[in-house]
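Just so you know, the protein sequences line up as chains A and B, in that order. Just so you know, we're using my numbering here: the first sequence kicks off at 1 and counts up by one. Just so you know, we're using my numbering here: the second sequence kicks off at 1 and counts up by one.
Derived from the structure by calculation, the hints contain no laboratory data. We put the beta carbon where it would ideally sit given N, CA and C, even for glycine. Please note: incorrect hints may appear among the correct ones.
[Said to hold, decoys possible] Computed Cβ-Cβ distance ranges for the label pairs, DEER-style: (1) G179/A x P41/B: 49 to 57 angstroms; (2) A64/A x P373/B: 19 to 27 angstroms; (3) A142/A x S39/B: 35 to 43 angstroms; (4) P231/A x P373/B: 33 to 41 angstroms; (5) R415/B x P233/A: 24 to 32 angstroms; (6) V55/A x P41/B: 24 to 32 angstroms; (7) S125/A x R415/B: 22 to 30 angstroms.
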Amino acid sequence: MSRRRTLFTVLGLCMGALQAAPQGAAGAQVPDTLSQRLLACTACHARVDARGNPVNDAYFPHIAGKPAGYLYNQLRNFREGRRQYPLMTYLVDHLPDAYLREIAGHFAAQPPAAHSVDAGAAAASPQLLAQGRRLVMHGDPARKLPACIACHGQRLTGVAPDIPGLLGLPRDYVNAQFGAWRNKARRAHAPDCMAQIAARLSFEDVNAVSHWLAAQPLPADPRPADAIARPLPLACGSAPEQP
Amino acid sequence: MKKILLSLAALLVVLAAAAAIAWPREEFIPSSGPAAWASTPANIARGAYLARAGDCVACHTARGGPEYAGGRALDTPFGRLFGPNLTPDPHTGIGLWSADDFWNALHNGKSRDGRLLYPAFPYTHYTKLARADSDALFAYFRSLAPQRRPNRAHALDFPYDRQALLALWRLLYFKPAVFEAQAARGAEWNRGAYLVEGLGHCGACHSTRNRLGATGETLSGGLMPVGGWYAPSLVASGEAGLGDWEREHIVALLQTGVSPRGSATGPMAEVVARSLQHLDRGDLDAMAAYLQALPPAAPRPAASGERASEAVLNEGRRLYRSFCVDCHGADGQGKPPAYPPLAGNRALSLTPAVNAIRMVLHGGFPPGTAGNPRPYGMPPYGHELDDAQVAALLSYVRDSWGNAAPPVAAPEVNRYRSVPLD
């Protein structure tokens, strides 16, 4: 464990060294950088083992490279009770909005985490993967289900500033979010488009989608797209038409 | 003869009971006039400031909900209560209330319809408010946008939900009385006393409550019964007594949330963020003056001298060097204000050790305030360390650099693993 800890410490110090020169706000000894301030975040969200593989990322999803507006919305959601994870709420409870924006921007600017394809997901039955792919790429007009790509981008890497990508996420995490939306444990700004979608998906649909997503590699350029065709198929409070 | 004595005794008991029942539990002090609660900018501004000092928003706002519209649940050993709507909505808030009704609630703990209020609303402290301040607060709350949000009925356990029992409680533990200044102690002390004992209601957390939930008068520390944080004694030098602090450091702690000697975390972070950081420097100075002048508590008897075993201390030292030394230093001096010192850190050495346990398990940020808008955070270690490791680590730091606090045991760590939240 101490070797893992050493690796993490080294990574943290490297991140700190890459930031701007310290301005002495906290004394010359403590780097006056966001990286240093946010060790409380990277302790869980950037945790890697000795081989550099993410640890516990189904529970503590990676946040590097996600769109800044999306990350800011999630911090507000935890603070205001739209998402339920007591430790997150505890951590952000008394941080001002301006600081939350800075934090979101800081992690949005990081390169997205490396991701290897989930071999187990890729080995699922061809029918399951085909069902997942169909829903992601085409949706289901009969059930008023838009294609995921209609909002999350043709390459599924999300759209700046507010729409997250769907690739490189652990399958458990994707399943958990759909479940949370169905159970109203996770809510987003009204109108809550994902709540509507989650309500229309069966468990089999979610299983197929999460398998297919986890089986996809990250594209060469994993950054969010700059724009997407508007209006979106569903009105979405988190990604409004007029920001 | 015996019969006469018995009858006399019975009569005395009846007379005593009658006196106790008749003893006034409410008093009326008239307003100086409509100008005191009129909706003028001056009254509203003053009321807004006083509402900050009283931290009304904390209990009267649901998480994510509109300010002052009520809905926050307060868990107590007697059941769950819900903070009501203070916006001037005529149906669900205080829109139909008069200034006298408002005064009656703050000073006498009675609602507009005559119901007795539960002392989870700390009118035992707010009773000290002057009528003029109550009127200014009323002007402020009336100036808010009305929010239609019905109040939720309290979910109190039987028999605590009976008004008769509450009346009895008030007989025993409540006497309405406006703050009386002591001229000899000077203006600053009196202002501090008025704020600390009145709107600040510090004793609501920082005092021990008896089994019926009543606080003592002193600020001698108390374990918050639900949620489990320890609000340290403000009169004991071994806890959070401020007698030997520099005035600047006290004000820094209250106003910014950090100081060279420690940071505000846990529930105190909320108090700083929502209330104290908004107060004038003069008022914070006054509160500091009052707190520093409190008669110190008698020193506690020396700790049992119990120490952890060498094996536990060695394990703790090893963990400290892995996880803590980068920020808190090999000498425990920390790098304040970002990283508080652990050497001589009284919060670390408290008994009960719950606050220290929670710091290690949950980490956290001090509040973002005007004076410290981008705080440095402490990582949570609850996912990384098991109960025995946390216990060893805390036992080590509580035994190092001059700290001499009892060790922490693994089962105690386990009790506090879940994060307390409303």
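Going down the list of hints, with the structure as the test:
no., hint, in the structure
1, G179/A x P41/B: 49 to 57 angstroms, "holds (51 angstroms)"
2, A64/A x P373/B: 19 to 27 angstroms, "holds (24 angstroms)"
3, A142/A x S39/B: 35 to 43 angstroms, "violated (58 angstroms)"
4, P231/A x P373/B: 33 to 41 angstroms, "holds (37 angstroms)"
5, R415/B x P233/A: 24 to 32 angstroms, "violated (49 angstroms)"
6, V55/A x P41/B: 24 to 32 angstroms, "violated (56 angstroms)"
7, S125/A x R415/B: 22 to 30 angstroms, "violated (46 angstroms)"
In the structure shown, a violation is registered for the earlier hints numbered 3, 5, 6, 7, in ascending order.
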